[in-house]
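Chain A is already provided as a structure; the job is to place chains B, C and D on it using the hints.
Chain by chain, the residues:
There are 4 protein chains.
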Amino acid sequence: MEFFPKIPTIKYEGKKSKNPLSFKQYDADKVIAGKTMREHLKFSMAWWHTMIADGTDMFGVGTMDKKFGAVSDMDVSKNRISAAFELMQKLGIGYFCFHDKDLAPEGDDLASFHKNLDIVVPLVKAEMDKTGIKCLWGTANLFSNPRYMHGAGTSCDANIFAYAAAQIKKAIDITVYFGGDGYVFWGGREGYDTLLNTDMGLELDNLARLLTLSRDYGRRNGFKGCFYIEPKPKEPTKHQYDFDASTVLAFLRKYNLMSDFKLNIEANHATLSQHTFQHELVVARINDALGSIDANQGDPNLGWDTDQFPTNVYDTTLAMLEVLKAGGFTTGGLNFDAKCRRPSMTHEDLFLSFIAGMDSFAFGLKAADAIMKDGRICDFTKNRYSSYESGIGKKIVSGDTTLEELYDYALNLGEYNVKESGRQEYLEDIFNQVMLSAD
Amino acid sequence: MEFFPKIPTIKYEGKKSKNPLSFKQYDADKVIAGKTMREHLKFSMAWWHTMIADGTDMFGVGTMDKKFGAVSDMDVSKNRISAAFELMQKLGIGYFCFHDKDLAPEGDDLASFHKNLDIVVPLVKAEMDKTGIKCLWGTANLFSNPRYMHGAGTSCDANIFAYAAAQIKKAIDITVYFGGDGYVFWGGREGYDTLLNTDMGLELDNLARLLTLSRDYGRRNGFKGCFYIEPKPKEPTKHQYDFDASTVLAFLRKYNLMSDFKLNIEANHATLSQHTFQHELVVARINDALGSIDANQGDPNLGWDTDQFPTNVYDTTLAMLEVLKAGGFTTGGLNFDAKCRRPSMTHEDLFLSFIAGMDSFAFGLKAADAIMKDGRICDFTKNRYSSYESGIGKKIVSGDTTLEELYDYALNLGEYNVKESGRQEYLEDIFNQVMLSAD
Amino acid sequence: MEFFPKIPTIKYEGKKSKNPLSFKQYDADKVIAGKTMREHLKFSMAWWHTMIADGTDMFGVGTMDKKFGAVSDMDVSKNRISAAFELMQKLGIGYFCFHDKDLAPEGDDLASFHKNLDIVVPLVKAEMDKTGIKCLWGTANLFSNPRYMHGAGTSCDANIFAYAAAQIKKAIDITVYFGGDGYVFWGGREGYDTLLNTDMGLELDNLARLLTLSRDYGRRNGFKGCFYIEPKPKEPTKHQYDFDASTVLAFLRKYNLMSDFKLNIEANHATLSQHTFQHELVVARINDALGSIDANQGDPNLGWDTDQFPTNVYDTTLAMLEVLKAGGFTTGGLNFDAKCRRPSMTHEDLFLSFIAGMDSFAFGLKAADAIMKDGRICDFTKNRYSSYESGIGKKIVSGDTTLEELYDYALNLGEYNVKESGRQEYLEDIFNQVMLSAD
Amino acid sequence: MEFFPKIPTIKYEGKKSKNPLSFKQYDADKVIAGKTMREHLKFSMAWWHTMIADGTDMFGVGTMDKKFGAVSDMDVSKNRISAAFELMQKLGIGYFCFHDKDLAPEGDDLASFHKNLDIVVPLVKAEMDKTGIKCLWGTANLFSNPRYMHGAGTSCDANIFAYAAAQIKKAIDITVYFGGDGYVFWGGREGYDTLLNTDMGLELDNLARLLTLSRDYGRRNGFKGCFYIEPKPKEPTKHQYDFDASTVLAFLRKYNLMSDFKLNIEANHATLSQHTFQHELVVARINDALGSIDANQGDPNLGWDTDQFPTNVYDTTLAMLEVLKAGGFTTGGLNFDAKCRRPSMTHEDLFLSFIAGMDSFAFGLKAADAIMKDGRICDFTKNRYSSYESGIGKKIVSGDTTLEELYDYALNLGEYNVKESGRQEYLEDIFNQVMLSAD
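Chains as they are written, first to last, in this note's numbering: chain A, 749 to 1187; chain B, 749 to 1187; chain C, 749 to 1187; chain D, 749 to 1187.
Bound conformation, chain A alone (with noise of 0.2 angstroms):
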């Protein structure tokens, strides 16, 4: 049965086309920088956000169909993965990532939820077998049910530790058997609501008790992927504890998982915490930490995670320039975590958006290639610190030196100021003339 039978495969026409079921931008198979456009964007479908969000919001019902046709909750799940696979192989999608939830209904308990993940697991399998299409990575959802309303790691009932654990363990289970590259710790519920009842402390010891578990459990089971925490700073909690890329390294180090984790930098999360969407990955990428990328962006004047289809072009490009310098992706990809907005209710706005993300992500792939070809902002960064490379700057990066030996060479200086001008303003107009040049 087809789902989407007035969506046709979408192929690449180029930036003239005025067919809206086609790539204006991403041309699947073109070589750039030595690698297919496929092989550089890796992308994927999110599941929880394509197959189930409905348009539901905090002031409304849902206004899209979800359901494909089926009643039962069994039902909508199997069809889901039809659909998906459908729309995953119109667009030309090779990979998705999905919660345990996202699959098969809750049922009342563990042992339900489990045994209709059992049966709706292999029919994920059997499409992936038959298409291709691979598991970027998997996850398990803490926070939606009551049961986690505390949290989940730092749940302060240890029953709901408990819970918490064995959800984590099937879905591991789940992932390996998918071949997934990736693990993901989305921290839900892990923050707090009010300090005056919380032992932060406790918490974060707890935490970082059940991902070291997790570990320990997905090595000893035939995970080899990477581990990754995606950094949030607040929304469904007042405060998130993985709240920037920073503090979830600080907590990393602290709790030595340097190792086994790595980030998966969400573009709405990163501005939420006031951060650029480059500034985490540039912070990622100096600490070997660059894993994945949840794929959206977020709307500066609100305040919440809007999640939207990623189509600012200076985003995507600066984005795949620091993908470009962190050589690529390894485990990781590029993970659409977007959602239609509510009023883009119909199944053709589900391609139409994808189309636009994709197309926005091709052009910043081929933007970021030619900023690198073009050279000018790299050699000027590079210029900038030569002084490091010879003299007192040498021997200051090699530890070769003391305050006093640079007390007494900066005495000598004089009125030294500095020469050289930042140009912030001349570098912005390359890049813009770079991009705008791109092809």
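Quick caveat, the hints were computed from the structure, so don't treat them as lab data.
It does not matter which identical chain is used: a pair holds within one copy or between any two.
Calculated lysine to aspartate or glutamate pairs in the EDC-like style (CA-CA distance at most 16 angstroms, straight line):
hint: 1; residue 1: LYS759; residue 2: GLU834
hint: 2; residue 1: LYS838; residue 2: GLU1096
hint: 3; residue 1: LYS763; residue 2: ASP1187
hint: 4; residue 1: LYS766; residue 2: ASP1122
hint: 5; residue 1: LYS764; residue 2: ASP1187
hint: 6; residue 1: LYS1143; residue 2: ASP953
hint: 7; residue 1: LYS1142; residue 2: ASP953
hint: 8; residue 1: LYS1073; residue 2: ASP947
hint: 9; residue 1: LYS826; residue 2: GLU875
hint: 10; residue 1: LYS863; residue 2: ASP1156
hint: 11; residue 1: LYS1167; residue 2: ASP813
Chains B, C and D only, in chain A's frame:
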């Protein structure tokens, strides 16, 4: 010569007093929880705001007289010393903090700056000896001179790095001479304005190098106090590397500086990073890194560092609660990194502002003590986590379990759900009632 | 049937009481400034948050039981009525506010919705008659049904405009039947998600048309109360047209609606628009447009409407100060547009939360009265502007001067400067001392 | 004497040029939509940022030379004139804007200030006559002198009100002498720091009085141009009365000033008030109040006015789209209220920054024109509202219906729902493709 002839020594007159020039809450010798209020609070004057800042802002020139009758730069510096100690004595403030540049004119180059310092610094020391007033901490101003436009330790120019090192050496020397208990690194312009011209990896490595060199110098030369980093997320640069407490902890852990460095938490910097003041104090405390406090307050609707005198008693109570939980200050104290509003331009306003701030923290101490003695909030929090003291919870905390065991345990729980409410509103109400009855 | 059998009638026990189920500040019959606290405060229960909201948020399903033992939608609606009046009586709350949709199930279409309302509404009226509890205001929910995805009065679809008009007609009828003193327009989805598809000029004209039609209908059909617009800057849409008090005033003036409409100011909406609650109240007051108040509080670090029960006594004191300055409420009151935190999931939390909110506003009233009686702050402000009471100032205020005259006058002033300090810190200190001594 | 000897006249060289000192997008004589780019864009230089601002910020002194070789204040003022006209000629900028205080030293009192102005102003006029460069608008600086610490028209001191009036009179005289097309009121310190000492009602009445007096004087004395108010939400005061476009419209309507005043919309002020630049332009346009534009950009992660040169082509395209929809500028233009970043401290950076800004707006014009010619986005929006062109929709718009009729109509619709998607993502994609293909 008396600089504030109309201002008497400020005395405690109790909360019903309508004498503006009296304390209503701060009764220095009153004993609370085993120590005098003076010992708990360790109030400190910030030389830059109190003796120098004249109300200049980005849209207007100064409104306040901070020249204290002198004309030449050197005489101004000297008069400020007398005025500062007169002010501290009249207010009963026991500590001060300073930047190198606060004390003497910069002159034309580093040599003349240091010559000027060598004249002025002994005059400060003489007043200290005479009055018993101490130095809480010292620091070097590595941001206002144009030479630091690209940063100091993170400058792209190695000569500027050397210049910064030289200033730090001298500032450490002065701090040791004063017997100061702390030395602060506030990140000034250690950050970036645009990532287009920035090598963040190198800049952070260099910053760590500068701090390591400074630590080593200090330890070799008699500095036994604590080094502090003071987090701030932005301003003057677009992004300051010392964004918040967690970011600084990530940095200290990465570069192995945890044993010598703690945090100097500023209230207004906390809120600029979208945290509460209390949050930053808790993060510092649970990482054994609560060093000292810059006491002020910002405006939740403004996006810059307003450095207002602290008058919100919720904030002062929560802050003192954290200080009490941490066992009180050791090397640190409460430094009023606060300035009078630009239209509060008289010398009398200086005193009125300190009184407002000191009374607010004095009340905060009394209220925090009352909350601890009342016990209901602390007990509630303690009991919330009691499931970790036995059974599966105890095994989790002690590391004596596996994901498999937790999985089996959870499956046996059946349809388990959280039992206990978080009771936020109730706790907020207790907080109010206890605080409003504090005395 | 009693729905809260464990909850007694809540009594005033004074501020030293540790009985959670008692008032510590709210002594309903106590007379302050010539009226009882009950008359000053006019507390109101919001049907939607109290009787319906179950803790659902964007990341999780409900945690609270708001079905009150019933199963069918209609029975749930009926049980909520009994529970609501039990709750209001036990708390001594004299008013309630409602959306049409709060009272009865929507059914399949408008006709069945209205049929359901016709069954339920008389049951509410019967309880009102029995208890003496009144309706503060009514409104129509024009945002949660998918048909309002593009707005109601600002929908691009004229049929939806008609649908909204029909709901409003019925809601006004019910409000008149209840003898309600107010009718509120909260902008729901009157706004835009993207300007790319929006004709803002037409949408605002249409919104004015809907309000004008509603006003005309109400006035023809016995509604003698006040129409209110409730400003909110964002959420659920990216931009809500009723951004803040000033924006609404611009709208009311443009479309000649000032004589029938006032403002319903919500604390949390104020802070979302980067204003203080007090600011919005002052703007309303000086435009003779302070109608009613939605009492709650937000979190300065969160960018969405958290609708917390109000517990910050600075905010409640400043709010009651404005209410007193305005001469008290006429048609309006203090409606708790507030919900328990998701982890505060028990029925007991409902009562504890109302107690916290009512005590906070009761304290605010006492503190505001104390500040007015103390007089120092009001007098300071009045004296500040005394130069406008004579001489050139009087001519300015009376309009009896010209730019030329002022030019000549100023030239004669010579090097004139401001004489008086703004004394912000001193005034904040007085505020603290008077507030903390209030009783 | 040439002040920028190394800078040639900047020429258009096309987008592939790598010559930093050339235009890549701005081809002044190119005709687009019936007018030259020069006529569309009406670029203007802001005297204060370009000729005066030296990189001083709250944390450091100036980094740039803006004295142009002179020593005495008067000579500096004179040299700035020559340098300004050289710069404008080399860049092909046809307009400038000024504050009174930008042109001449203030001296000791108003009389000496005006004497200085009388010397310098004719020198400016002579350069205008020689070069054909015009004055876009003038204004008076009513915020930087300490006397305005409590505001100007809103000062609590009537003498200061008179002082402000006197400055405005002189500034209007100069603007008329220059043949300026506009006169701007930017709210400087018209706002408050604390409501505790503020009578907002009186202050706003007085502000309206000052504007009315100024309008009357201007109209009596040959000013035929447009008065503008420039909204800004905060900074330097906590709250600026001219918060945003809507707030100013409320003010203008209340005080009957709509016929003489329009808005000067600044991009960075728009974003500080949590609006997009486009939003503020639309609000101005649909109220017939789009007067002029201050072209710059802020940083979405920073809470102060950064006044960066505009380089984001989304913003410039959307802005020019609104200008085209409004029929182009009449009295207004694009004034670069922008300054070089502090580390962009050379004279060459000045030119590079203007080039970046002018090219960005030139590209924006071309892209906006392409979007209008493409037609898809405008047509989509127009069609969306077609239901208001006939039937019930037409009756709504024409005012020929009642709530009762709409009620009956809606009841007959049955289970009606919205038919059309909002298509946000699709429209964003069209926007991208058309913009990225613009030339």
